[in-house]
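Peer 1: Listed here are the chains, written in short residue letters.
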Amino acid sequence: MRLSGNPMPKNEDEAILIDRIQAGDEAAMTEMYDRYSGIVYGVALRVLGNTTAAEDVVQEVFLRLWRNPQSFDANRGRLAAWLAVIARNRAIDHLRRRPPEEDIQGMPISTGVNLENEAAQRLAVEKIRAVLSELPQDQRRALEMAFFEGMTHTEIAAKSGEPLGTVKTRIRTGLLAIRKAFA
Amino acid sequence: MTDHTQYADMLALYALGSVDAAEAAELEAHLRTCPECRQELAALRGDAAVLALSAVGPAPPQGARQRFVAAIANEPRKAPVRQKMVIGVLRPRWLTFVPIAVSLALAIFSLMLWRTVSRLQTKLEQAQAQLMDTNEKLRQAQELVAVLHGPDSKDFTLVAAQQLRAPHVKTFYSPKVGRLVLVAGNLESLPPNKAYELWLLPANGGAPMPAGTFKPNPKGDVMMDHSMSAAGIEAKGFAITVEPEAGSDVPTLPIRFVGTG
Numbered sequence: 001m002r003l004s005g006n007p008m009p010k011n012e013d014e015a016i017l018i019d020r021i022q023a024g025d026e027a028a029m030t031e032m033y034d035r036y037s038g039i040v041y042g043v044a045l046r047v048l049g050n051t052t053a054a055e056d057v058v059q060e061v062f063l064r065l066w067r068n069p070q071s072f073d074a075n076r077g078r079l080a081a082w083l084a085v086i087a088r089n090r091a092i093d094h095l096r097r098r099p100p101e102e103d104i105q106g107m108p109i110s111t112g113v114n115l116e117n118e119a120a121q122r123l124a125v126e127k128i129r130a131v132l133s134e135l136p137q138d139q140r141r142a143l144e145m146a147f148f149e150g151m152t153h154t155e156i157a158a159k160s161g162e163p164l165g166t167v168k169t170r171i172r173t174g175l176l177a178i179r180k181a182f183a
Numbered sequence: 001m002t003d004h005t006q007y008a009d010m011l012a013l014y015a016l017g018s019v020d021a022a023e024a025a026e027l028e029a030h031l032r033t034c035p036e037c038r039q040e041l042a043a044l045r046g047d048a049a050v051l052a053l054s055a056v057g058p059a060p061p062q063g064a065r066q067r068f069v070a071a072i073a074n075e076p077r078k079a080p081v082r083q084k085m086v087i088g089v090l091r092p093r094w095l096t097f098v099p100i101a102v103s104l105a106l107a108i109f110s111l112m113l114w115r116t117v118s119r120l121q122t123k124l125e126q127a128q129a130q131l132m133d134t135n136e137k138l139r140q141a142q143e144l145v146a147v148l149h150g151p152d153s154k155d156f157t158l159v160a161a162q163q164l165r166a167p168h169v170k171t172f173y174s175p176k177v178g179r180l181v182l183v184a185g186n187l188e189s190l191p192p193n194k195a196y197e198l199w200l201l202p203a204n205g206g207a208p209m210p211a212g213t214f215k216p217n218p219k220g221d222v223m224m225d226h227s228m229s230a231a232g233i234e235a236k237g238f239a240i241t242v243e244p245e246a247g248s249d250v251p252t253l254p255i256r257f258v259g260t261g
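If you're matching them up, the sequences are chains Z and W in order. In terms of this note's numbering, the first sequence is residues 1 to 183. In terms of this note's numbering, the second sequence is residues 1 to 261.
I should point out that these hints are in silico values taken from the structure, not numbers from a laboratory. Note that the coordinates shown come from a computational prediction; the quantities given were computed from them, not determined experimentally. Beta carbons: idealized from backbone N, C-alpha and C, even for Gly. Treat the hints loosely; a few may be bogus.
Computed footprint of chain W on chain Z; a stretch qualifies when at least three of its residues, placed anywhere within it, have a C-beta under 8 Å from a C-beta of chain W [what the hints assert, rightly or not]:
{"id": "1", "segment": "18-32"}
{"id": "2", "segment": "60-70"}
{"id": "3", "segment": "121-132"}
{"id": "4", "segment": "140-152"}
{"id": "5", "segment": "166-176"}
Over the 12 Å line for every Cβ pair with chain W, so calculated as not near, a few chain Z residues [claimed, not checked]:
{"id": "6", "residue": "Glu14"}
{"id": "7", "residue": "Glu118"}
{"id": "8", "residue": "Gly161"}
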């Protein structure tokens with residue numbers, strides 16, 4: 001999928017790293033792995049519940065980036081956020097034993113959350129956990145079923161016994177609550 | 001209701017990859033014409049990425065890092081090819097035939113591919129048949145082992161009423177599976193139209209039941225694997241008589257061998 005979005009403020013450090021990777025710099029790729037593999041692994045492990053499968057997703061996500069670094073456009077989002085979403089999508093593909101469903105190129109992701117170093121990532125992780133713990137349980141569960149279990153809103157409604165409209169609204173307001181907390 | 005409010009909930013679901021295919025197609029059509037919704041989708045994806053962080057835990061094992069480093073070392077990448085902007089070019093005449101040649105090459109390649117697939121399919125079918133055959137043999141062997149070593153198996157040694165060449169007969173019988181194995185040696189040879197017949201002597205005192213006919217080899221040795229007509233028949237012993245080759249319904253005296261548990 002390639003949809004045009006508004007330009008994001010470019011992170012120079014990430015842009016340099018991507019440039020080096022595009023030039024075939026293995027050290028730069030390893031640096032990127034060290035910086036973000038925790039995010040990718042954590043997301044994949046949450047979705048798959050299996051360390052071996054999660055390691056496979058980590059390997060796949062970073063190898064795809066190594067083979068095709070131009071798939072990430074530093075003008076259109078932050079690398080950490082992009083990797084988190086890609087990791088989730090690949091893990092869901094593994095869960096359903098299907099080939100990659102979505103072209104990873106050019107997926108714009110807009111977030112102002114700073115995730116560029118370990119300390120910033122740790123702070124953000126603690127904060128999102130606190131935000132989720134304060135959400136109503138039904139709302140949190142709907143978000144988790146959609147994102148970490150890859151269920152459609154129809155499946156969530158069937159499983160939870162809630163009307164379809166309620167499920168849709170819960171998911172949207174849940175995401176907006178996250179945005180507001182990090183604004 | 002504007003388009004944006006109409007699509008608001010759907011955008012959130014789309015950002016999480018949680019819409020059905022038909023709804024996704026409708027939404028993507030709208031996104032192509034609506035920069036505002038595209039912007040909102042990017043923001044919702046950002047929110048989803050933050051949600052993903054809630055799953056962050058321990059780092060992947062060191063072994064995974066080593067595998068990754070080794071993998072990229074094995075895949076040195078070429079520098080990206082920069083595309084040139086072409087304003088216009090005169091094309092040589094022979095280039096006209098390039099698409100035809102490419103099509104022909106593709107057709108030949110497809111044919112070769114099809115033949116390879118057919119060959120592989122045949123091999124797969126042969127392997128499956130072999131596997132089924134092996135499984136059947138394994139099943140029979142397991143049943144045999146159950147008869148020989150089953151917890152309910154009893155063995156009976158039958159001796160000759162008139163011992164001439166020290167013939168011996170041993171039976172292993174499992175009432176649970178209704179199957180028996182007979183092993184005998186030094187048996188006297190029989191006329192061509194005669195055979196030995198084994199009789200199960202029921203524990204409840206019932207009439208002897210046919211338990212298989214057999215003929216020894218020229219050395220007098222024989223092994224017989226026989227399934228009874230039903231499982232669960234307890235035996236107090238076995239006896240052997242000489243009968244017509246097709247077997248009899250009742251034993252013909254004299255009894256040549258007998259053994260009771």
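Peer 1: Looking at the structure, which of the earlier hints fail to hold?
Peer 2: 7
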